[in-house]
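Chemist: Keeping their order, the protein sequence lines are chains H, W, E, Z, P and S. So the first sequence is numbered by the numbering used here: it starts at 28 and just counts up by one. So the second sequence is numbered by the numbering used here: it starts at 28 and just counts up by one. So the third sequence is numbered by the numbering used here: it starts at 28 and just counts up by one. So the fourth sequence is numbered by the numbering used here: it starts at 28 and just counts up by one. So the fifth sequence is numbered by the numbering used here: it starts at 28 and just counts up by one. So the sixth sequence is numbered by the numbering used here: it starts at 28 and just counts up by one.
Check each hint, because a few of them may be wrong.
Because identical chains share one entry, a pair is satisfied inside a single copy or across any pair of copies.
Quick list of in silico lysine-lysine cross-link-like pairs, DSSO-like style, CA-CA up to 27 Å [as the list claims (entries may be wrong)]: (1) 73 x 83; (2) 109 x 73; (3) 72 x 49; (4) 130 x 109; (5) 109 x 196; (6) 109 x 169; (7) 196 x 73; (8) 83 x 196.
These aren't lab readings, by the way, just hints derived from the structure by calculation.
There are 6 protein chains.
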Amino acid sequence: MRPSGRAPNQLRSVTLEPTFNKYAEGSCFVKFGNTHVLCTASVDKKIPAFLRKTGKGWITAEFGMLPRSTHIRNDREAVNGKQRGRTQEIQRLIGRSLRAVTKLTDMSEIQIKIDCDVIQADGGTRAAAITGSYVALYLAFKNLISSNVLSVMPLTGQVAAVSCGIYNKIPVLDLDYNEDIACQVDSNFVLNGIGEIIEIQGTAEGAVFTKDEFLDLLDLAQQGISNLIELQRNVLNL
Amino acid sequence: MRPSGRAPNQLRSVTLEPTFNKYAEGSCFVKFGNTHVLCTASVDKKIPAFLRKTGKGWITAEFGMLPRSTHIRNDREAVNGKQRGRTQEIQRLIGRSLRAVTKLTDMSEIQIKIDCDVIQADGGTRAAAITGSYVALYLAFKNLISSNVLSVMPLTGQVAAVSCGIYNKIPVLDLDYNEDIACQVDSNFVLNGIGEIIEIQGTAEGAVFTKDEFLDLLDLAQQGISNLIELQRNVLNL
Amino acid sequence: MRPSGRAPNQLRSVTLEPTFNKYAEGSCFVKFGNTHVLCTASVDKKIPAFLRKTGKGWITAEFGMLPRSTHIRNDREAVNGKQRGRTQEIQRLIGRSLRAVTKLTDMSEIQIKIDCDVIQADGGTRAAAITGSYVALYLAFKNLISSNVLSVMPLTGQVAAVSCGIYNKIPVLDLDYNEDIACQVDSNFVLNGIGEIIEIQGTAEGAVFTKDEFLDLLDLAQQGISNLIELQRNVLNL
Amino acid sequence: MRPSGRAPNQLRSVTLEPTFNKYAEGSCFVKFGNTHVLCTASVDKKIPAFLRKTGKGWITAEFGMLPRSTHIRNDREAVNGKQRGRTQEIQRLIGRSLRAVTKLTDMSEIQIKIDCDVIQADGGTRAAAITGSYVALYLAFKNLISSNVLSVMPLTGQVAAVSCGIYNKIPVLDLDYNEDIACQVDSNFVLNGIGEIIEIQGTAEGAVFTKDEFLDLLDLAQQGISNLIELQRNVLNL
Amino acid sequence: MRPSGRAPNQLRSVTLEPTFNKYAEGSCFVKFGNTHVLCTASVDKKIPAFLRKTGKGWITAEFGMLPRSTHIRNDREAVNGKQRGRTQEIQRLIGRSLRAVTKLTDMSEIQIKIDCDVIQADGGTRAAAITGSYVALYLAFKNLISSNVLSVMPLTGQVAAVSCGIYNKIPVLDLDYNEDIACQVDSNFVLNGIGEIIEIQGTAEGAVFTKDEFLDLLDLAQQGISNLIELQRNVLNL
Amino acid sequence: MRPSGRAPNQLRSVTLEPTFNKYAEGSCFVKFGNTHVLCTASVDKKIPAFLRKTGKGWITAEFGMLPRSTHIRNDREAVNGKQRGRTQEIQRLIGRSLRAVTKLTDMSEIQIKIDCDVIQADGGTRAAAITGSYVALYLAFKNLISSNVLSVMPLTGQVAAVSCGIYNKIPVLDLDYNEDIACQVDSNFVLNGIGEIIEIQGTAEGAVFTKDEFLDLLDLAQQGISNLIELQRNVLNL
């Protein structure tokens, strides 16, 4: 029995609110239950030095959590003077995931900076951030096409993410915080619109898991992500 | 004529949404028109070293702006490794303003940490932050009283803030971004519930102003803030 | 009765020693009683990026306090690895104040860097710093004119500053440290040579003040600053 | 055909040199072909604050690469003033992997700090670091048992790691640098002594992969890691 | 011929102004010609952790240069966020030099923090800093004895320093800036009151020197320092 | 009697292993007994700004100690976010020493970056680092000549270093850790191939020494360094 009463393969209520921000070229406010993340996509005419004169663009991401997005207030990273290791891990993952569905050579030496800021965290923040960032990124590209900066859509497919874990020995989809802190295995799956794998992370701190258990988690993820992909298509009218 | 079509003494539409955050002891999502600020008040049992064994509590504040809260994306302070001077100025102002209406000796060696995070900026961020933080702080204190941690309400009055300026030679209330970048004089007023002054800041970069002009601004501020005070009373049922 | 025995509207003994430093293009060692500040103005051929090719110049300021300029030794900011919030507030104020009396378009893409270093602090450090920096800046501009780098004096007027406060319920001019830590209201005024306002800051930590009290402080400031303006004229032979 | 001429399921020549360092409680110099990593395990009587008075111990890891461990010299992190995101990702992975085979409640509030420093990098640095760190950690625990600080061996099993990838469309084991930069899929597997999964990371930057491809990689990893486990047993006389 | 017209073995005009600072327990404003350094000695009841419960005290030093103490303005270290390597070298030297003439076991777990801040630099800053710091330190100790915190003077002798170099092939005493940048060999000598050596540093960037040349420099240093020792005795009435 | 049983003028066993690193243009693994240092020389086509368009090259050095190179584990500087003062002192010394035997005008606007990383420390780390770096530098220059980037060897001579000290009142050569922590005087000598002095550092913390004692140390250093110079010639076939 899950603390939330959900079925093992049941997502939390997920909503995607596009264009919540009046300045960003693309934006999306994503909620996975009580996990709330603001995602913006900002167009930057400057690309990293290693891409200059290559004709390629770039997508990078930054991630942050408001100090009181969590049960206990966390120190503000800007005050500490550095980002935590976990923050850097997540923002690198978001960037890789979005680049995996983008044809960089269609971006014409433009950089898109994704910002994912968690205003309330209840597990699955990186999954929500990836799922919402795709929407923000799509909208930013559409803006660049409307304004004739780009001529084709650089996105080659959709991308969404979900966490899965083994909780009370049962594989479950879309862990919330109560499950996250008590589960034996914690994994994150980033898949594209047709269920292929972009990124897999599976961790068993203080435990282990078998190949079969891992395949169960992957099955759950494929089910859940197909729903997220559908939701993205709805808000973007794809 | 103001860009927004407002009368010189007209506030933008202001809303205060208390308890937007499910974890914080007190919280308020404040909007001054298109300026949107999330305010949380977090109880911390540890007080600063200089107050230990004095029986006094403390209120401190931190301020941040999401990178794409602005027209042009700003660097993330956590990535830069330090807070900007402007950020520090504002968070110090928020802390002083709230302490000015709090009897620290009634706080029983508890610290409240205020976090104000701007998710969209259209001028007046510090004023909105102070106005919303008061609500978050009040709710946190009420929580501490309900749970018998405190026996009396440490707040001795209300506090709210607004910016005023001279725009096209006319004193106007509650500057938005278009006015802010074009005005000759920019000032911020922090007043208590009966119109007394807690903090005044007036700046004329590349210009000057007279005593009479300053008094006009103060008059506008007193009008505007009495409305903000009323709004606070409504949402808090005071 | 003031701790120093001064009348409420009496400045401390103020001295301005121009050209104390043999390298700087302009310099002034300013004393407000026991508050001693070294001010230098350094010409820099590089201007900030946002001003390149605009024909405009820039004035910026940095502020510091020697570790033992205070009663109790303060940590050295260079060792801590960052400037305090208060330091940043003050150096931003100094820069704004000087730019308010300078026609940047007459500076020909030159930057002047002001350094104010407090070697002994007894209240009013930012007021002394602004008052002395004006002298240093004037001398630097004169040097640039003598050497035919500039053709006209970019300064459009003088600027000086003083702090005022309400001490034992009486408005007093030019607070020293003993008054500063005990006063109900602390304010800083930056005025130009004809008494117009460039910057006003009034703070009542743990208290409030009325419009009339504020006007009393402004009156004191105008008196005091007219004396400082006169002193500047004397040392500069204006 | 692999650049090195190896068969798809062939490890590079792997050596483990225990106790290369005369001070550390445990140490191992590990080589995966031209990837050379120095691993030390240092006993620290201080544990992190969150574990005090719990009876539990802790294992943490730090990772670094000498500036010229790579083809092109990298900036020294100590000079830059911060660790890269990739560095933090790796050191967190090493710590989790070792804790997964350790019974922390048998460590008696002792902390072991693992340091992995790469002196030459040719792909697979994190895999080599984990494989070598296990040896260093085992030796440190044996030392603590010999000196009667611990009474039982806290390790509950072995742990080793290897990278696998899809290179020229063929799944291959133990990627070297030439394969790493050209492969479509890059994955790291951390397994225990009986082939169970501790951590899985699979990344397809600019590509995707299927479940079957992933299972092929896992198969390779299980073969390769069983060899590494055997090598560890040999040098430790298990 | 030296640029200043001095004889090879001639010091610049040296002055020591004790107690220039009204707060510090000991202070001295030292001038070696146009090199001007403010030295303060601050008593700190907290000693470094490694000395707690040993009965020993400690002396540490910090060094800084005002940004425009030099011909060309230097960046402010507090703005850069770190001290330069040269700064750290010098402050470590000052601390060692003073500890060499102090019986730490007579300091009763008190720490003295020396601050040396250069307000104008014309060569020989570290030598001036050491020479002036001794005076500040002596005065601080005298204060501690007067106030019965210490019962005996912990200083076991005097210490002073001077730079020497080979300029135009001739060994000269007390290099000024013009000599410093042009000399073949640059050395610093720290000697005690009877000419014994506490610290020697000799550097030949882009050149070399012989034992005999070095002995010539040492001879000059012994002459010069005996004068500095005498000056210290005069201002301290020893 | 020395703890190691060596004669007063006896070096530890010294070995120089050239080209230990497969990527660096020059490298040397140097051992002075149990002090083990990895030295690499990396060619960098970018030179510091102050040398652009001068036709000159540059040599710079960075130094580091692995956390467990010492008896007690030291904090990792990259984690602390800054290099220690001692580290900076040493890396500046290495750079100066190598530049002293290099004709920078023969380097053709190329920079060589030396990295010295201590993997085990038993006293004399800076001396070993300088001695080994010379070998790495020589090899890098030879590479640049072979590849026709440089036409002449910029090195004008050899350089090596050793520490000497007064231990139990006897001058001894090449201090190991046990002697280092117990000696009255600690000095480092950097000499060229014919015994001339490049750099001298002598320190007597809590003690003093005389000219004659210093000359004894210099004599020892000249003996020891002539052996190191010979060793360098052997491995480089000079």
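Chemist: Hints first: check each against the structure and report whether it holds.
Modeler: To see whether the hints hold, each was checked on the structure:
When the C-alpha separation of residue 73 and residue 83 is checked against a cutoff of 27 Å, the pair qualifies both within a copy, at 12 Å, and between copies, at 25 Å. In this homomeric assembly, residue 109 and residue 73 come within 27 Å of each other (Cα to Cα) both inside a single copy, at 24 Å, and across copies, at 23 Å. Taking the shortest Cα distances, residue 72 and residue 49 sit within 27 Å of each other inside one copy (20 Å), while across copies they are farther apart (39 Å). Within a single copy, residue 130 and residue 109 get their C-alpha atoms no closer than 32 Å, and across copies no closer than 32 Å, so neither meets the 27 Å cut-off.
For the homomeric pair residue 109 and residue 196, neither the shortest alpha-carbon distance inside one copy (37 Å) nor that between copies (40 Å) is at most 27 Å. Taking the closest pair of Cα atoms, residue 109 and residue 169 never come within 27 Å of each other, the shortest separation being 34 Å inside a single copy and 34 Å across copies. For a Cα distance limit of 27 Å, the shortest separation of residue 196 from residue 73 qualifies neither inside one copy, at 49 Å, nor across copies, at 35 Å. In this assembly of identical chains, residue 83 and residue 196 lie within 27 Å of each other by CA distance solely across copies; the values are 25 Å between and 46 Å within a copy.
Checked against the numbered hints above, the structure violates hints 4, 5, 6 and 7; every other hint is satisfied.
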